[in-house]
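Going line by line, the protein sequences match chains A and B.
Count along the first sequence from 1, add 19, and you get the number used in this note's numbering.
Count along the second sequence from 1, add 10, and you get the number used in this note's numbering.
Hints were generated in silico from the structure; no laboratory data involved.
There's no promise every hint is true.
A partial selection of chain B residues facing chain A, derived with a Cβ cut-off under 10 Å [claimed, not checked]:
(1) 369
(2) 373
(3) 426
(4) 427
(5) 431
(6) 433
(7) 435
(8) 440
(9) 446
(10) 464
(11) 465
Note that the structure is predicted; figures quoted are calculated from it, not measured.
Here a beta-carbon is modelled for each residue, glycine too, at the ideal position from N, C-alpha and C.
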Amino acid sequence: MKLFVLILVTILSDSQDINTIFQESNEYYTNGKYQNAVNGYQNIIDLGFESAELYFNLGNTYYKLNNIPESNYYYEKAKALSPNDKDISTNLIFAQNLRIDKIERLPVTQIQNFKLIFLDVFTERGWSILFIIIIWSLCSAFVLYLLLKDPKFKRLFFSLSIVFLIFSSLLLYLNFEKKELNNTKYAIIYDKEIEVWSEPNKISELKFLLHEGTKVKQIDMIEDWVSIQLENGTLGWIKFSGIKVLD
Amino acid sequence: MVKKFYILFLLLNSLILSSQVKFDASVSKSKLGLNERLRVDFVMNQNGDNFSPPNFENFQVIGGPNQSIKTSYVNGERSFSKTYSYFLKPLKKGNLKITQASIEIEGEIYKSLPLEVFITDSVNQPSDSVTQYYNDDDIELRALVSKGSPYLNEPITVIYKLYYKAPINISDARENETPNYKDFWSQTIKIPQLKVQREIYRGQDYNVVEWRKVVLYPQKSGELEISPLSLNLVLDVPTDKRDFFGNVIYDQTSQFISTGMRKINVKDLPRAGKPDSFTGAVGQFDFDVILNKSSLRATESFTAELKVNGNGNLKLFDLPNILVPNSMELFDPEREELINTNLSGMNGTVSKSFTIIPKFQGNFPIEEVEFSYFDPNTEQYKVLKSPRLTVDVYDGPTIGNSISNDNSNVITSDDSFRFIKLKGNLKPANRDIFFESQFFYILASSPFVLSLAIIALSAYRKKRKQSYSESIKAEERKIKKMLETALSSLGDKDLFYDIIEKCIISSLMLKFSVRMESLNKEKIKEITQEKGFSKETISLIISLIENCEKAKFSKSSDTVMNNDLESAKEVINTILKS
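With the sequences and hints as input, model every part of the structure.
In structure tokens form, the structure reads like this:
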């Protein structure tokens, strides 16, 4: 009990601290002292706290400092935590406009596109909670159908439980899809210029060059080489040291 | 008469003054090849007669005797010389003697000293010219190279100089063979007018003409050759002949003259420390990137100019390219050169201008551009970086590029860069995934378990209830059977009432779960009232029980018994149905 109180107190005092740091950093930002603001925000991250807002502000600060890879990185992190925030997606586009590489995205079918947007409605946790709520509703509706004797109610709850059953299987599928989506790791290129090779060695063919800030999909890894896929579908191998993985 | 004496006196006077008589013999060369020619001069300082030449044994007289007389007055002093010249061709090798010549001056006979000439083997290039009054050393064409072992792309100069010495004059010169500078980038520096200058070369005065100046940039490492320059010269050479007025007559002769092959050892640039951005610039440079606008509307254009300024192989390297964000359109660059080439090499400015059109609004950084060159003086590579520049683009759409995950790529133009969020909502970072976690499984499976439990419980309860009602029904059937037996025992009064009483009590016991011991009239009244029986039924039950008790002590008729049976049936039915 004593220990628990101690932990609670430290957490509370910590959260007091980080909130003041956050406010201070915001002030630095408004006064144009971007480097100070970056230090403050990074400090909060080092203390083990996060939020979409924190990453968004950090992205903004790096954008003002003309740091292309960092701003892209933190906007992507913010977007992962809060997929529907309009501010984040707007500023992410600003940061993406700074990148040097122009990569045409592969055409996505309407259904795929719709699925992606739909999956972004909730976070991974949100989808799981929704699934659990639906499961509970399904069970209670079914139990009510079994227990109630009035045929009118019986019919109502039976149809309700059928509806919930369909919903729950759909949600289970969406949960797996979301998990798949979250498991695909993306990375931001931090090197000013990075060589993309056709194999994980430097004897193979040099395919092309990528520049800082570009987002790539990480597929595989061997030693210090990472196999990547660009948004236009091109595959290649790059040195791990040149990228930072979004996790 | 007096006049004659005066003249005589003058003549005598002059004779006395120039009484020292000289008569010398000289040769143009004391050593010559068998196929060369020799000139012999016999010079006297007073006029004489009866010149008898030597007999020139072992020589063939080709020309002569040529007679020339020079008279000059210096400070009122008269000097005189008379020369007899012979051109001889030796017929034999070895030490040849030219014997004495004699002359009679003023009645006296003077003799020259005998001379010795050494005749060697034939020389390679005998001058065809009959009148070679000059040595081969007197004229030379030289190629002066500023540096024998330059670095690749380091400028070297080659100056072609024509050296010649009096008495030769050059009346015309034509280039016979122009050097070709293979593996070099070359530029000839124009010489507007050939000028003769004096220069001391090999300790002697020479006339020097700079014929040609070239700046070379070696384009290959290793030993490179510069092919020779050859000139065809027309020389004016003085002869012994004199014209009517006593001026020396010059003879024209042509001569072919050439520089040799020159070899230059070009060093490769050092590999160590070669920067990635090196594109072959060698020299000393400044580098800058200039934007003509730093803030503009979207779809307007601006130019970025990369400028390299300095000395070096400006024409021979490519300028670095500029990298711009993908949302800007970059057009092909224009290269502009403003270069002077002089002896020290090229100097000036090379610039590359890119026209860039930003399509979307935002604050765009232009990547720093790196330019590196090799400085041959310090023998080191140097890297120059342009400052990081930014371009502010306003008043334009912020269309996301095609990579964005957002399906709505187009954002309305009033969407500007968003300000930071003021509320933190900070939470401890939690990377645990809820889906498929233990807690998730518990939460997801618990409703099934719970509903199963509920269903099982209700089923159990239902079953229990069913078995209970079945036992009651059996009892009821038993009671009804008993009533049937009561009908058959109408004659036996005691037994009849006994059965009826039993039936009523057991049906009450069945329905109201009361014990037999505690059953009396008061109790029955209480229970039935509680169960909401009508008063008639209650009084009927009570009267029936009373009748049963009474019948044990008194006689009763069959009709009464039948009546009682009917009412008992009715009462039991109402009890069992309740």
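Any hints this thing doesn't respect? Which numbers, in order? none
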